[in-house]
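Got chain D; can you put chain Z on it based on the hints?
Protein chains in written order, with the numbering used here: chain D, 1 to 345; chain Z, 1 to 310.
Read the hints as simulated data drawn from the structure, not as lab findings.
The calculated SDA-like cross-link candidates involving lysine to any residue, where the alpha carbons are at most 25 Å apart (straight line), are:
1. Z:265 x D:133
2. Z:255 x D:126
3. D:84 x Z:152
4. Z:255 x D:134
5. Z:255 x D:122
6. D:84 x Z:253
7. Z:296 x D:133
8. Z:255 x D:131
Counterexamples of contact, computed for chain Z against chain D with all Cβ distances above 10 Å:
9. 68
10. 71
11. 111
12. 127
13. 245
14. 268
Which chain D residues stay away from chain Z? Per the calculated CB distances, all over 10 Å, these:
15. 3
16. 45
17. 101
18. 164
19. 194
20. 220
21. 282
22. 301
23. 319
The beta carbon of each residue, even a glycine, is placed where N, CA and C say it ideally should be.
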Amino acid sequence: MTPPGNIWTNIYGPNLVRDNNGILYIEEDNLRIPSDVSYMLENRLVMQRVFPDLFSNYTILPIENYSSQLYDMLISLSPREIDKPEIVVLTPGINHTTYFEHSYLAQQMGVELVKGRDLYVDEDDIAYMRTIEGLTRIDVIYRCVDESAADTEVFDPDSTLGVVGLMRSWRAGKVALANPPGTGVADNKLVYSYVPEIIKYYLDEDPLINNIETYRCFNKSERDYVIANIEKLVVKPVDDSSGSEVLIGPQASRAQCSKFKRLIKHAPNNYIAQPMLNLSTIPTLVGNRVEPRQLDLRLFILSGRKIQVTSGGLTRVALNKESIVDNAIQKGISKDTWIVDMGDI
Amino acid sequence: MLARIAENIYWMARYIERAENTARLINVTTNLVLDLPRRTNVGWEYLVERQGTEELYDSLYEYIDEKSILKFLISDNKNPKSILNSLQSATEHASSLRDIIPREAWEQINNLYSTAKLNVQSGFTRKNRHLYLHSIILGAQTITGQLAGTMYQDAGYDMLRMGRNLERADMTTRIIDVRSADLLEDEHEDLTPFDNLQWVSVLKSLTGYQMYRRIVQVHVQRREVLKFLFQERKFPRSFYHSMCEVESCLLSLPKNQDCIDIVNKLQRFVIKKSPEKLLQDELHIYIYKLQFNLNKIHTCIARTYFISGT
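So that you can see chain D by itself, here it is in the shape it has in the complex (with noise of 0.2 Å):
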């Protein structure tokens, strides 16, 4: 099975961070199903309302033409070469926490937002939308269902946002997925502390961005490091879809640290663990005041023919002080990122 163009992941959003010693890491590969790049392209249109002065002042790279970008790139995963591929969007619907993006996304590209209850496929592998006219031909669909629930003929049958063969129209290379199934693998912790060793074997080069150190408890040495340190690190699960919690060593009572040395020992597949860093901060309203928040920055990288990174982000920031510490913004507010344009300086 190979996808278009042999490339497994068409949206791929990382989450950056730089600590005290001005350094940048990878603090998250997000593959499965990237989000919030709404956000992004709603933040920019807020501050250019709010002050067009600043924006006739420097040369702010634009990011208006994500939209287009997107749709550019999910037209060349077509597997028919038509003039103009059907694409569209496929939601699990208006109770996603995401759909505002799923909606907001599909009207940009000007394609239709479908459910799994919208698409068929028929015995030729061909996947088709059910439109008043009777069946349209698809070729590119903007997967934002987990590939889990995506097709009842081969993953959960119970699932009520899947499509009946969508996998065997894939396969068949019918229909082109983005992102195809199985990227979520890469979403996994410990796939992660693998990365730069997988862009050395495979590229023999050495990342630009580091990843944070990361120790890998299913190794006794690593593990046992963990357990004497673990008041001075960060215990994550490997896989954060399974909803288990974090440890923030340097905060936790006695009983939290002992509770983790057991569920490593138990289960040491199951963890990873990080040094504590201490990210950088951005001068934020909070209340009637300004003060010091935390923040993460979350990129948009575009795989296609070509790939593109968008020359902006979402800038995440924690509101709450004590909300920042294992590395990632969990709750918070977010900010438009502007990369300025310097000329020749």
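Below, chain Z alone, put in the same frame as chain D:
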């Protein structure tokens, strides 16, 4: 256009129109109460019967009285056709159409539902009922007007108009039918002055009194009213007018032949018949036939265009 979206628009329009016409249905009898002699049975039970929910009503309520009937028709959440339930269903369908319908219309739909719910108590008292029902009718017509004035007029708008006009035609027959089940007909010796009042009340509840007097005649007569409400091409709440609207929507939609055939057949049936000659029982059977055929049109539309029909 996605079949699911078409279906949602169609049902949203039907539910809004249903809420409006249920308010009109209640008005038929409410208007009459004011004019008839005090002891006359005004027939509240016919409202439920004509709505087609009498079995459900009997299972929920012990007595047939004005208060219970109104609660059942306006607010009972066990009655799927109550005004509040219809408005709630309309908002649910509208919520998945945020990209399709203009924002102002979406807000008005929600606003209508929430104010109807908030003020529901006033619908139960005779003193405030008129105002309450009027606000429902006005609210629904505001939505209809907003959509007519701002919605993009593609296949989705055809779906909207078809849903609205099928529901309107259906409810117009039910409103007429309330008075076909008339208690007064057999006693008309005594009640002749009141006999026509019922038809005045039907006309008023369909906002047709003024137009009837201008177009037909000053005297309100049963046969003329029936002709006006079934066959008048130019009155927007007449049965025939609604069918012509449905036909015009279908003409611009794909794969329309089957549905158009059924609509044309029903149009001929309505125009050919002289409903003014129908006696009470026959009128009821005639109305039943119309409703049966409306249902056939709906089934054909669903089979042709909707996701549930594929």
